[in-house]
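Enquirer: Sequence:
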Amino acid sequence: PPAFEPNIWPTVEALAEFGPQVVVPAHCTGWRATHALAAAFPDAFIPGSVGTRYILQSDSG
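Following the UniProt record's numbering, the residues of the sequence shown are numbered contiguously, the last one being 61.
Among these hints, one or two may not hold up.
As the list claims (entries may be wrong) - What follows is a list of derived Cβ distance ranges for each label pair: (1) 20 / 49: 17 to 23 Å; (2) 60 / 32: 17 to 23 Å; (3) 51 / 5: 26 to 32 Å; (4) 31 / 60: 15 to 21 Å; (5) 1 / 57: 27 to 33 Å; (6) 60 / 3: 37 to 43 Å; (7) 48 / 14: 16 to 22 Å; (8) 19 / 48: 16 to 22 Å; (9) 51 / 13: 18 to 24 Å; (10) 50 / 17: 15 to 21 Å; (11) 42 / 4: 30 to 36 Å; (12) 10 / 31: 26 to 32 Å; (13) 15 / 60: 18 to 24 Å.
By construction, these hints were calculated from the structure, which means they are not laboratory data.
The structure presented is a predicted model; accordingly, all values stated were derived computationally and were not measured.
Backbone N, C-alpha and C fix where the C-beta goes; we use that ideal spot for every residue, glycine too.
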């Protein structure tokens, strides 16, 4: 496996502490990490792709 692979789950767990409402990995994230993010954040996961635009709004106001 690639040298970075052991970092994927600790990174996903650290990200989970923030409770993200949206997670949009791009191609540079890699497929292993992208699948880990999709599994960990099924309601927040949005597949990223070139040219996609996102409009994010705050819940606070």
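Enquirer: Go ahead and decide if the range 17 to 23 Å is satisfied by the Cβ distance of residue 20 to residue 49.
Expert: Hint holds: Cβ distance 19 Å, inside 17 to 23 Å.
Enquirer: Lying within 27 to 33 Å: is that true of the beta-carbon distance residue 1 to residue 57?
Expert: With a Cβ separation near 39 Å, residue 1 and residue 57 fall outside 27 to 33 Å, so the hint is violated.
Enquirer: When you take the CB atoms of residue 51 and residue 13, is the distance between them in 18 to 24 Å?
Expert: Violated, at about 31 Å.
Enquirer: Given the hint of 17 to 23 Å, is the C-beta distance from residue 60 to residue 32 inside that range or not?
Expert: violated (34 Å)
Enquirer: I want to verify a distance hint. Is the separation of the beta carbons of residue 42 and residue 4 within 30 to 36 Å?
Expert: Between residue 42 and residue 4, where Cβ atoms are some 23 Å apart, the hint is violated.
Enquirer: Does the Cβ-Cβ separation between residue 15 and residue 60 fall within 18 to 24 Å?
Expert: Taking Cβ atoms as reference, residue 15 and residue 60 lie about 21 Å apart, which means the hint holds.
Enquirer: So does residue 60 sit 37 to 43 Å from residue 3, Cβ to Cβ?
Expert: Distance hint for residue 60, residue 3 holds at roughly 40 Å.
Enquirer: Range first: 26 to 32 Å. Now tell me if the beta carbons of residue 51 and residue 5 are that far apart.
Expert: holds (29 Å)
Enquirer: 16 to 22 Å was suggested as the range; check whether the CB atoms of residue 48 and residue 14 agree with it.
Expert: Distance hint for residue 48, residue 14 holds at roughly 20 Å.
Enquirer: Cβ-Cβ distance between residue 19 and residue 48: within 16 to 22 Å?
Expert: holds (20 Å)
Enquirer: May I ask you to test the hint 15 to 21 Å on the CB atoms belonging to residue 50 and residue 17?
Expert: Once the Cβ atoms are compared, 30 Å apart, the range 15 to 21 Å for residue 17 and residue 50 is violated.
Enquirer: If I claimed the Cβ atoms of residue 10 and residue 31 lie 26 to 32 Å apart, would that claim hold in this structure?
Expert: Check failed, 18 Å falls outside 26 to 32 Å.
Comparing the model with each earlier hint shows violations of hints 2, 4, 5, 9, 10, 11 and 12; every other hint is respected.
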